[in-house]
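Participant: One letter stands for each residue in the lines below.
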Amino acid sequence: MEAQAFLARVSAALGGASAPWTPPDTRAAPSAPRRRVELLHLHAEFAAHLAKVGGTAELVPASNAAARAMELLGAGPRVHVGLELLPECVRAVVARGAAIGPDSDPLGWRAACAEAEWGVTDAVQLVAETGSTLLCANARRPRAASLLPRRHMVVAPLSRLVADLDEALTHLADAPSQWLLVTGPSRTSDIENDLTIGVHGPGVMHVLVVDEDEA
Amino acid sequence: MSGLGLHDAFLDRARHALGQEHLKQAVRRTTDRLRDGRAAASAEAGAFEAWRDALSEARRRAIGRLDVVLQAWQARAEARGVLVHHAVDAREACDIVVGIARAKGARLAAKGKSMLSEEIELNQALEAACVEALETDLGEWIIQLAGERPSHIILPVVHKPRGEIRELFERHGGEPLSDETRVLAGYARDRLRAEFLRAELGVTGCNMAIAETGSIALFSNEGNGRMVSTLPRTHVALMGVERIVETLADFAHLVRLLPRSATGQRVTTYVNVLSGPARPGELDGPEELHVVVVDAGRTAQLAERDYRDALACVRCGACLNACPVYSAVGGHAYGTVYPGPIGAVIEPLYARDDERRAELAEASSLCGACHEACPVRIPLHDMLVRLRQDNARRGRGGPTALALQRIAARAMAVPFVYDAAGRIARRAARLAAGGGQLGRWALGSAPVLRELLRRRALPDVPIRSFRELWDELEEER
Amino acid sequence: MTERSEAVGARRRVALMVTCLVDQLAPEVGVAVVRVLRRQGVQVDFPRAQTCCGQAAWNGGLADEARALAERAIEIFEPYEAVVVPSGSCAGMVHHGYEEIFRDDAAWLARARALAAKTHEFSQYVVSVLGLVDLGAARDGTCAYHPSCHATRLLGLGDEPRRLLEAVRGLRIATLARAEDCCGFGGAFCAKLPELSDAIVGAKVSHLAQSGADTVVSSDVGCLLNIQGACKHRGLPIEALHIAQVLEGRKGGAA
Numbered sequence: 000m001e002a003q004a005f006l007a008r009v010s011a012a013l014g015g016a017s018a019p020w021t022p023p024d025t026r027a028a029p030s031a032p033r034r035r036v037e038l039l040h041l042h043a044e045f046a047a048h049l050a051k052v053g054g055t056a057e058l059v060p061a062s063n064a065a066a067r068a069m070e071l072l073g074a075g076p077r078v079h080v081g082l083e084l085l086p087e088c089v090r091a092v093v094a095r096g097a098a099i100g101p102d103s104d105p106l107g108w109r110a111a112c113a114e115a116e117w118g119v120t121d122a123v124q125l126v127a128e129t130g131s132t133l134l135c136a137n138a139r140r141p142r143a144a145s146l147l148p149r150r151h152m153v154v155a156p157l158s159r160l161v162a163d164l165d166e167a168l169t170h171l172a173d174a175p176s177q178w179l180l181v182t183g184p185s186r187t188s189d190i191e192n193d194l195t196i197g198v199h200g201p202g203v204m205h206v207l208v209v210d211e212d213e214a
Numbered sequence: 000m001s002g003l004g005l006h007d008a009f010l011d012r013a014r015h016a017l018g019q020e021h022l023k024q025a026v027r028r029t030t031d032r033l034r035d036g037r038a039a040a041s042a043e044a045g046a047f048e049a050w051r052d053a054l055s056e057a058r059r060r061a062i063g064r065l066d067v068v069l070q071a072w073q074a075r076a077e078a079r080g081v082l083v084h085h086a087v088d089a090r091e092a093c094d095i096v097v098g099i100a101r102a103k104g105a106r107l108a109a110k111g112k113s114m115l116s117e118e119i120e121l122n123q124a125l126e127a128a129c130v131e132a133l134e135t136d137l138g139e140w141i142i143q144l145a146g147e148r149p150s151h152i153i154l155p156v157v158h159k160p161r162g163e164i165r166e167l168f169e170r171h172g173g174e175p176l177s178d179e180t181r182v183l184a185g186y187a188r189d190r191l192r193a194e195f196l197r198a199e200l201g202v203t204g205c206n207m208a209i210a211e212t213g214s215i216a217l218f219s220n221e222g223n224g225r226m227v228s229t230l231p232r233t234h235v236a237l238m239g240v241e242r243i244v245e246t247l248a249d250f251a252h253l254v255r256l257l258p259r260s261a262t263g264q265r266v267t268t269y270v271n272v273l274s275g276p277a278r279p280g281e282l283d284g285p286e287e288l289h290v291v292v293v294d295a296g297r298t299a300q301l302a303e304r305d306y307r308d309a310l311a312c313v314r315c316g317a318c319l320n321a322c323p324v325y326s327a328v329g330g331h332a333y334g335t336v337y338p339g340p341i342g343a344v345i346e347p348l349y350a351r352d353d354e355r356r357a358e359l360a361e362a363s364s365l366c367g368a369c370h371e372a373c374p375v376r377i378p379l380h381d382m383l384v385r386l387r388q389d390n391a392r393r394g395r396g397g398p399t400a401l402a403l404q405r406i407a408a409r410a411m412a413v414p415f416v417y418d419a420a421g422r423i424a425r426r427a428a429r430l431a432a433g434g435g436q437l438g439r440w441a442l443g444s445a446p447v448l449r450e451l452l453r454r455r456a457l458p459d460v461p462i463r464s465f466r467e468l469w470d471e472l473e474e475e476r
Numbered sequence: 000m001t002e003r004s005e006a007v008g009a010r011r012r013v014a015l016m017v018t019c020l021v022d023q024l025a026p027e028v029g030v031a032v033v034r035v036l037r038r039q040g041v042q043v044d045f046p047r048a049q050t051c052c053g054q055a056a057w058n059g060g061l062a063d064e065a066r067a068l069a070e071r072a073i074e075i076f077e078p079y080e081a082v083v084v085p086s087g088s089c090a091g092m093v094h095h096g097y098e099e100i101f102r103d104d105a106a107w108l109a110r111a112r113a114l115a116a117k118t119h120e121f122s123q124y125v126v127s128v129l130g131l132v133d134l135g136a137a138r139d140g141t142c143a144y145h146p147s148c149h150a151t152r153l154l155g156l157g158d159e160p161r162r163l164l165e166a167v168r169g170l171r172i173a174t175l176a177r178a179e180d181c182c183g184f185g186g187a188f189c190a191k192l193p194e195l196s197d198a199i200v201g202a203k204v205s206h207l208a209q210s211g212a213d214t215v216v217s218s219d220v221g222c223l224l225n226i227q228g229a230c231k232h233r234g235l236p237i238e239a240l241h242i243a244q245v246l247e248g249r250k251g252g253a254a
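Protein chains in written order, with numbering that gives the first Met the number 0: chain A, 0 to 214; chain B, 0 to 476; chain C, 0 to 254.
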């Protein structure tokens, strides 16, 4: 059915056309950056909630971030996205090891993701309330890196922690083609209510929260 | 004589379910687990009731001006490259999806879990057009292999023991497997992975659209919904016309309440929000994103004040888990796509002339547990009563049964008739309890009670009613 | 004790809405309510014209018949200063169902609301209006409390019955698993879908058996008749009592 006719049926069912809809005011009030102590509290909350659903998070000093990442990633095939958007200290992760980034052709990229042991991504935000990582797709951040590999590592600086969903969502009014909250490894309880981890998505999810200001 | 006085199809299916011990236990175990999860999640979240108020308000606000909200959503979605289609009924919806599949030369459609797809019977339509429709949610895939229907909105396969699942997979793969969940889930992962990469078309539902950003949102735990909306070149999302909120702020409440109400999770593993196909320069994501907005009886509910609020439903399944009837017999007894209290309300509304769906209004003790569990506070118990009134007005329920009920109700309005009828009924019951022929005859003439009395001991029926005792009670003062 | 509590109820006068179920099948519950209230000095009237609040007709889909009964009940009870109902379900009907019945009739809706404002389920009246918890009752044994669905979900009855029971001397209160679950009565539901009702009450009975209680107490006679019938049928020696019957008791043991 034509859109106009379809909407006219809806209006009729409502008893007449509604007054025009106005979008909400999304200009977020400028907020001061959080103090480190607040961020550390948010990290603790974030890590606790993520742990409840089988994910893990650890706070690492910037000086040690690359080494720690490499230690976890091992020598298996891996892909990465968005890391160049991270601060200098974390970019080192990209530099080391034979990883495939989003500069390849689409089919090669997809095959690399499907082969990868680890997919490494950044996160736009870390949401303390739920232990969620917020990922946004764009040209530098294709989607499959957090989907096809067997394990998913998120690397993000401590400053990307936000308190709750409301705060996280205020940053999404400009609507990337995809935004995604990932909270823990893929799971199902479809078979006799028995929880099992790692069905279609990655079976491991680890978050490296990089502390840039550690004393 | 029948129990319901309608078709008794529900009663027959319920009897069948009650005869299956595994089914009964599996359903009970599942609903107990899920409602305990919900109870724990609501107790843990200090603001749970405030969130319910907020989400209830947000859903009703969007539905109360659905025309302009849809319009705003569509304008923003189209600006980001979404191709929006509209379908008044199931046939139109299927035609649109089949049309897209044909235009794309698709041979395989990989599907994420969608109740709307079940409702419009999309798989059958795709198969008829020589497009293989493959369910990829673990539970839905099992259902598809078994040739069955989901028995729960969010856990489609609660009724199936793992042994049967193993046998299905063994038949499918031709190799022996074990009963272990890990092994069975691993088999599904391996088999379906290749299909995700092969499918030309991905089909999903839409948990909720967001007008503010022209988006659609998919909630999932397994990740298959992400696969089918990321890997195939074309993604088609089926969206019920009522599944929309106005703002991201409204959506935040859904993110909190949908998983908590459904399973007690704080958040689902994935909340996937899509605003258009892959943009220039993006390496993956679909080239085309189609959203098919489906009415299929929903707009009619919008016009009915008694039932409009049912459109606020977010399909969490909490009312199923809370319902004593659902917990006793499971979803298949309802004989409809949507089971449980929400199914008993919306299924008759989707098809007003369907007598078999109409009788589902009786499949409730009106205990109100559904309303109590509903994250958007839909008064399902009141709606079931209103549906019973609709049935009575249409003469559904069998003329004899209705007439008897009516006579009883009218007798209640005349004290001496009420009094006399009470005396006679009590005497008959006492005689029956004493084994008297007259009493047995009297009770036998009330056959609706016969089945009940096979399962309950008769109460000690008093000789005198309270009103007959009153004068003596007055003298006690 | 007794004298102080008599002062509490003195000069109070209530009409008893006995309910058709209590009237016809459990008059002893009505008797217990009257005796308990009188002991507190409350004067109890029994408007003889009363029959049924209309709930059965309403839930059965008979809107016109239900409305006629509701109008009757309003006319009969509105002259009284307060109405006491030994049923959370029927009190819930007055509070919630009448809102539904009269939603399009402002004049009747106002009368219905005025009646609802002074209509109390029995334990609600004792605790919230009289302000009493300890009525000096005594009973040996262990009881489980079954909160009826309509009392809690339609009427909004809270912990009043539990507080009253806790004050009964000698009475232990067992923990009843999933106490808030429906017992499967549902008025005509149990006759229309008897097998289903039986499956639901079966869960209630097994929870009762596990609780170790010798008595199940509720504020609704419908639930009690249903549970009692199911217990007897299964050979489980559990007595079903309305809360007023427990509060009426002064001696040890079942009355």
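None of these hints come from the bench; they were simulated from the model.
Keep in mind it's a predicted model, so treat the numbers as computed, not measured.
Each residue gets a CB set at the ideal place from its N, CA and C atoms; glycine is no exception.
Among the hints, erroneous ones may be present.
[What the hints assert, rightly or not] Short derived list, chain C residues pointing at chain B, Cβ under 10 angstroms:
{"hint": "1", "residue": "Ala25"}
{"hint": "2", "residue": "Val128"}
{"hint": "3", "residue": "Val132"}
{"hint": "4", "residue": "Ser210"}
{"hint": "5", "residue": "Gly211"}
[Stated by the list, open to error] Stretch-level coverage of chain B by chain C, calculated; a stretch enters the list once three of its residues show a Cβ under 8 angstroms from a Cβ in chain C:
{"hint": "6", "stretch": "90-103"}
{"hint": "7", "stretch": "157-170"}
{"hint": "8", "stretch": "255-262"}
{"hint": "9", "stretch": "285-291"}
{"hint": "10", "stretch": "469-476"}
[Said to hold, decoys possible] Facing chain C, from chain B, some residues (calculated, C-beta under 7 angstroms):
{"hint": "11", "residue": "Arg28"}
{"hint": "12", "residue": "Gly45"}
{"hint": "13", "residue": "Phe47"}
{"hint": "14", "residue": "Ser177"}
{"hint": "15", "residue": "Gly394"}
{"hint": "16", "residue": "Arg454"}
Participant: Please go over all the hints and tell whether each is borne out by the structure.
Facilitator: We went through each hint and held it up to the structure:
1. Ala25: Constraint on Ala25/C satisfied, holds at 7 angstroms.
2. Val128: 21 angstroms, violated
3. Val132: Violated - the Cβ of Val132/C stays beyond 10 angstroms from chain B, reaching only about 25 angstroms at its closest.
4. Ser210: 17 angstroms, violated
5. Gly211: Check failed: Cβ of Gly211/C comes no nearer than 21 angstroms to chain B, outside 10 angstroms.
6. 90-103: violated (count 0)
7. 157-170: Coverage by chain C is violated for the stretch 157-170 of chain B (0 residues, Cβ < 8 angstroms).
8. 255-262: violated (count 0)
9. 285-291: violated (count 0)
10. 469-476: It holds: at least three residues are needed, and the stretch 469-476 of chain B offers 4 whose Cβ sits within less than 8 angstroms of chain C.
11. Arg28: Hint on Arg28/B: violated, closest Cβ of chain C at ~12 angstroms, above 7 angstroms.
12. Gly45: Constraint on Gly45/B not satisfied, violated at 20 angstroms.
13. Phe47: Cβ of Phe47/B sits 17 angstroms from chain C, so the hint is violated.
14. Ser177: Given a least distance of 33 angstroms, the restraint on Ser177/B is violated.
15. Gly394: Given a least distance of 11 angstroms, the restraint on Gly394/B is violated.
16. Arg454: Where the cut-off is 7 angstroms and the nearest Cβ of chain C is about 4 angstroms from Arg454/B, the hint holds.
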